[in-house]
Amino acid sequence: MTPSLRTARACRAAAVLLLAAAGYAATHHPWLALPGLYAAAVFAWCAAREGAMHRRSLLPAQRAERPARPATAPVPGPVDCCERWWTSLGAWHDASCRRHTGASDQGRARPASP
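In this note's numbering, the protein residues as written are 1 to 114.
There could be a bad hint or two in this list.
To be verified - Cβ pair distances, simulated, as ranges:
id : residue 1 : residue 2 : range
1  : A13       : S57       : 18 to 26 Å
2  : P60       : R9        : 30 to 38 Å
3  : L59       : P35       : 33 to 41 Å
4  : W31       : S57       : 37 to 45 Å
5  : H29       : R66       : 30 to 38 Å
Rather than coming from a laboratory, the hints here were simulated on the basis of the structure.
Here the structure is a predicted model, which means the values were calculated and not measured.
No residue lacks a Cβ here, since even glycine has one placed at the ideal position from N, Cα and C.
Working from the sequences, and respecting the hints, build out all of it.
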């Protein structure tokens with residue numbers, strides 16, 4: 001854990017507590033909530049800045065680690081045998097399509113695309 005992350009977490013906690021205090025103060029008098037809301041906004045801004053600094057400090061290590069990892073093949077997504085209705089309007093529909101017949105994917109060969 002970097003010092004920036006520790007500071008970001010503390011600022012985030014302070015912002016939440018000040019927001020809660022401003023909400024409670026607003027029940028008594030609305031003007032009492034304004035200083036708390038302002039302070040909560042400042043702490044939230046500080047938390048965002050410190051979080052960005054934390055990510056920037058980790059970036060060189062992540063860049064050095066990236067080439068060391070083994071390359072993985074992309075995982076293909078689900079493929080349908082016919083196009084979606086909004087692109088083809090049903091022109092390329094296959095009568096034995098799993099989606100329209102209700103059959104499962106197991107034990108079924110995929111038809112060649114036109």
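Here's how the hints hold up against the structure:
1. A13 <-> S57: 18 to 26 Å: holds, 21 Å
2. P60 <-> R9: 30 to 38 Å: violated, 22 Å
3. L59 <-> P35: 33 to 41 Å: holds, 37 Å
4. W31 <-> S57: 37 to 45 Å: holds, 41 Å
5. H29 <-> R66: 30 to 38 Å: This hint is violated: roughly 55 Å between Cβ atoms.
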